[in-house]
Amino acid sequence: MNYYCTLKIIWSRIKAGLIRYSYSATLPVNSSYEDVWLVEFPKSGVTWLTFLLANVNNKVNRVECKVNFNNIHDFVPDIHLSQNIKEKKGFPGFRFIKSHVDYNPYYHRVIYLVRDPRSIMVSYYKFLVGLKLYNKDISEFIRDETLGVKAWKRHLDMWINKSNIGVKIDFLRYEDLVNNTETQLKLIYQRYGYTIPDDIIQSSVSSSSRSEMKVAESERYESDVRFSRNYGHFNFVRDGGVDGFREGLSASDINYINENTLEWRELFGYID
Numbered sequence: 002m003n004y005y006c007t008l009k010i011i012w013s014r015i016k017a018g019l020i021r022y023s024y025s026a027t028l029p030v031n032s033s034y035e036d037v038w039l040v041e042f043p044k045s046g047v048t049w050l051t052f053l054l055a056n057v058n059n060k061v062n063r064v065e066c067k068v069n070f071n072n073i074h075d076f077v078p079d080i081h082l083s084q085n086i087k088e089k090k091g092f093p094g095f096r097f098i099k100s101h102v103d104y105n106p107y108y109h110r111v112i113y114l115v116r117d118p119r120s121i122m123v124s125y126y127k128f129l130v131g132l133k134l135y136n137k138d139i140s141e142f143i144r145d146e147t148l149g150v151k152a153w154k155r156h157l158d159m160w161i162n163k164s165n166i167g168v169k170i171d172f173l174r175y176e177d178l179v180n181n182t183e184t185q186l187k188l189i190y191q192r193y194g195y196t197i198p199d200d201i202i203q204s205s206v207s208s209s210s211r212s213e214m215k216v217a218e219s220e221r222y223e224s225d226v227r228f229s230r231n232y233g234h235f236n237f238v239r240d241g242g243v244d245g246f247r248e249g250l251s252a253s254d255i256n257y258i259n260e261n262t263l264e265w266r267e268l269f270g271y272i273d
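In my numbering, the protein residues as written are 2 to 273.
I should point out that these hints are in silico values taken from the structure, not numbers from a laboratory. Careful: at least some of the hints might be erroneous.
List time: in silico DMTMM-like cross-link candidates among lysine to aspartate or glutamate, alpha-carbon distance up to 25 angstroms [to be verified]: (1) 89 to 35; (2) 163 to 183; (3) 127 to 176; (4) 133 to 35.
With these hints in hand, go ahead and build the complete structure from the sequences.
This is the structure in structure tokens:
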């Protein structure tokens, strides 16, 4: 092996190490190829999905524990809250992990939750305003390069076009999850080789209903003074509708979003 070939090999290894290091902030310290990542652009519905999955897993494992906002991350952790994630025990034998990351090539198995960008813009705007993290009007918000619809477009584009063929990505429409919750929940597990009994699916959907989640949110306000002090004026669990954007956006705002997202709306069927 000549000198230049040796240098090339060394450099390729250094480069690979640097790339992995740059993505390490959104990987668990005990990262596993088997991890299944629940990826979304903010406000696409992933919190509800985590409740559904946590309830299914607990019921299959016969864990007598009510899933709520105090313990949800014990069952479906959020990588943005901690990289120290415990090993998975029991069914399904791997971890579901929540993430909002733009892209990470070390996420080998991904469920990407897609939602109509017009609905996302309304929900995300209300979320940030409710947390007092944004104080401009919604027309400015949807045109914001880092928060608005172009950010949504970049996020989705990266996961579709940048990920390599070895990454298994299943794109799940939020609207399908809303309209056919039991069917879509069963399909998620079928992708990994499991058939979940209908009674467990039905019970899990019931335990993860909007009304149950709102009760869980209310209980957290009552039990955590930090939560009530900082977020007592705001509800994280909203109605979760599929076309509420029609009341939250002007015609010009809808046109702006439509013009900037046509390719992806056509791909996922958000054309009306």
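Could you work out which earlier hints the structure fails to respect and list their numbers in ascending sequence? As far as the earlier hints go, 2 and 4 are violated by this structure, in ascending order.
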